[in-house]
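Visitor: Going down the list, the sequences are from chains A, B and C.
The opening position of the first sequence corresponds to residue 3 in my numbering, with each subsequent residue numbered one higher.
The opening position of the second sequence corresponds to residue 122 in my numbering, with each subsequent residue numbered one higher.
The opening position of the third sequence corresponds to residue -6 in my numbering, with each subsequent residue numbered one higher.
For the record, the hints were derived by calculation from the structure and aren't laboratory data.
Accuracy of the hints is not assured; some may be wrong.
As the list claims (entries may be wrong) - Covered stretches of chain B (chain C as the covering partner; in silico rule of three or more C-beta atoms under 8 Å from a C-beta of chain C): (1) 288 to 302; (2) 345 to 359; (3) 412 to 426.
Quantities reported herein were computed from a predicted structural model and do not represent experimental measurements.
Glycine included, C-beta positions come from ideal geometry on N, C-alpha and C.
This is what each chain is made of:
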Amino acid sequence: MNRYSLISTTLVLIISAAVWWQGTSGFKAFTSEAARRIDVLEYPRKLSGLDFENQTFENINFSDYKGKVVLLDFIYTSCPDICYALGFSFKSIKAELEEAGLQEQIQIVNITFNLEQDTPERLSAYVQRYTSDHDMWHGLRLKDPGQLKQLLSDFGVVVIPNEHGGFDHNAAIHILDKEGRLVGIHDYQSQQQIVAQIREQISATVL
Amino acid sequence: MSSSISVIHPNLSAGARKTLLTYLAISAVVFLLMMVFGASMRYEQSEWLGMGPQYFYQIMTAHGIGMIGIVGLAASAVMWFFLSRHVQLSTPILVANLVFFLIGVVLILGAIFIGGFAAAWTFLYPLPAMGKGVWGNHAAASYLVGLLLIGVGFLLLYLDTARGIMKKYGNLGKALGWPQLFFNSQDEAPPSAVIASTMVLIVNIAGIAAGAVVLVLSLVNLYMPSYELDPLLVKNLIYFFGHVFINAAIYQAVIAVYEILPLYTNRPWKPTKVFILSWTLSTLMVMSVYPHHLLMDFAMPKWALIMGQIISYMSGFPVLVVTAIGALTLIYRSGIKWDVTSRLLILSMLGWACGVIPAIVDGTISVNNVMHNTLWVPGHFHIYLLLGLLPMLFGFMYYLVQSNGNKVGAVDDVAFWFYLVGGMGFVTMFLLSGKESIPRRWAAHLSEWVPYDRIASVFATLVVIGALVFAYRFLTRLSRINIATS
Amino acid sequence: MSRSILFFVLFLYLLSYSIIGQWFEVSMVRHVLIQIPCLVLAGYLFGRKSLINNRFLILINDKGLAGILMCIFIGGYWMLPRALDAALAGSNMALVKYISLPFFVGIPLAISWQRIHPIARAVIKIEFLTMLFRLGWLYLVSPNRLCNFYQLNEQIILGKCFLIIATSLSLYWILQLFAEDYREQETLKKNNLYDQASS
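Model the full structure from these sequences, guided by the hints.
Guide: Put into structure tokens, the structure is as follows:
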């Protein structure tokens, strides 16, 4: 093989390795969902200060949760399947943390992306499925629908309408630290890991 | 005509010769080692060793995969030697296969004896992912990757034989002799070595491709358990791959019979129409018979199981009958010269033919449901392998050792009888144990089974002694092997 | 030459930013099985037509090694679900897709395929088939959506399509091995190379 081909082959190998390394977060993430999870673990993500209202018509900003560890998911209230699974997972995590006496330290939040239909009343009914404690468990909607794109892109969530009039969306439980930064994303089935991370975040000192 | 058997290869390069002898030398050593492993399993069941179940299952895994791999390697050397007389094959690819093989062996041995992997050679899903502390995921992965590399090596080798054959004969149909079979072509049919090699490359490339799919998916499942595979589909693919590969080893080694026996009887072995037809039928049957491994899986579609039973009945026949009858007519009143080579080759015909009987018994669905998990089944495949395949391979080694005037001593004759008596006794004990419903793959046996195990152990020892002499003879005579060019 | 460039550019445009391009990307199956192969094909046809005898490319692509490696690694990258998502997320990755598939997969394939060792060609074909089987199987059993932009049922349809394509392609290639005569092909190919060298 001639010298030029040797150089070109080496270049191709180096560039390919770089593309693959970059494109898979060091051969760890082959889907964007996995990439998003690895990314927030390594680089806690600051979120925009958006304005929400909750199921009791209170104005809410993420900064209101300062000092608490937030468990958060994205839902729409007419969701027939995955949101139920997420909800029951929250309920079970909540029970485990209450048993350990940590209920004061956490906040559970469902954010709807279906702003056309999901009124505070519907959010209230949604939260009522799992708890009657409407302080510890909030259902939020954006006040300004124009900010939805910003909100979803902050979290790396993609919502696509499906043919049944509903939506397909990332089904995951997000954890915000006491500073309001996104620090963890988990499968709703991984209760053990979720509780472990929450405990770790609760015991972390606030700077 | 001199009294010695001539070993001729008109165009064997020095590099190819060295590589082939390396293949065979490694094979001789590994045969012996794997036989010791096999015998030690029987000693353990005889309560003579006390190695414990963990080592037993490691050794069982190593014995299984080691034998499958090494007979594949040795048989491919036989095929290469005879095929390369007729078509041009690539020596670098022959070397590459060996390199892939050795890297794979290191990974597999590491997985078993360092990592503790002991899921049997069939790595049936989901067992590799369930080491439960006996072995870890990395050990299972090392085993699977090792197997994958060995597959890649063989894939290269068979692709090269395909290229060589198609370059000379045009395409695979012509190389299988179809113009002569179907179109009454008056051209001379391809030599038997070419027909056999074509059949082997077809089935083995298909088998290795299936193996490559299932190995990678098993690897994905190891590290991402949420990707759950359909265990029955995985089992189908593994047995397609495994069954084809071990069958193809026999079909490669038998080339030695076609090429060497005529030298002993001074009668030519010409491919007839029946011969060509039987190899074509076997090509299809070898690929469709594997469901007889799944006769106990009631979830399999019924038609597949019935097909498995019917083809089990038939698949042994075409090539076997043609070869055995061909060999008999070749020997009959030929004044055949009896030495270790010819004896081993005739034994191989006998072993292959006898192997059909327990195979058919086990291939019957109603019998299989009762017998498949007993020692009957090791009995069945040990007849094929220990008395059919290995004698072909040892016979080929002796053919080289006794090349062009070289002689061996009386000890080799004694070793042959040790091997013959030991082998027959050994497989008979398996069959008798199967008849008594003694389960297979059990490290410890009930006390009423132990007498069977002890008798089998004695026979196993005889086999090992015989094989030890064979291997010793081949290794010490390597440098004196004399292959003439004309 | 200039006309082939024009067609090439036009074809790329149709596949990418136009309305047609968006129509492809709305569906996972059309995206993966039509748009991406067409982008590669555009580059391949252009390469076959205009670049196969380029002296510089021949010089730096001895035995087709650099080209085929580029084709495999960059093509393989676009098989990652994550890469599809990235191309749809509205970032620069869309542009990267429209450039890299024709230029770094299609063209290298065109200028390298006939130059690599025949055994390597066969290995690549078999690896391509087994990869389709593996991907098809994985797409069918994946418990989650692999792409955030596509629904689970589309992923399952795509998985089935992979299996169908892999099966048909295997059958086609197997038939070829029994139907064609590779003695003539070898000599034909040699003549072609001589023709090219002398022209």
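Visitor: Next step is simple, just say for each hint if it's right about the structure.
Guide: Hints versus structure:
{"no.": "1", "hint": "288 to 302", "in the structure": "holds (count 8)"}
{"no.": "2", "hint": "345 to 359", "in the structure": "holds (count 5)"}
{"no.": "3", "hint": "412 to 426", "in the structure": "violated (count 0)"}
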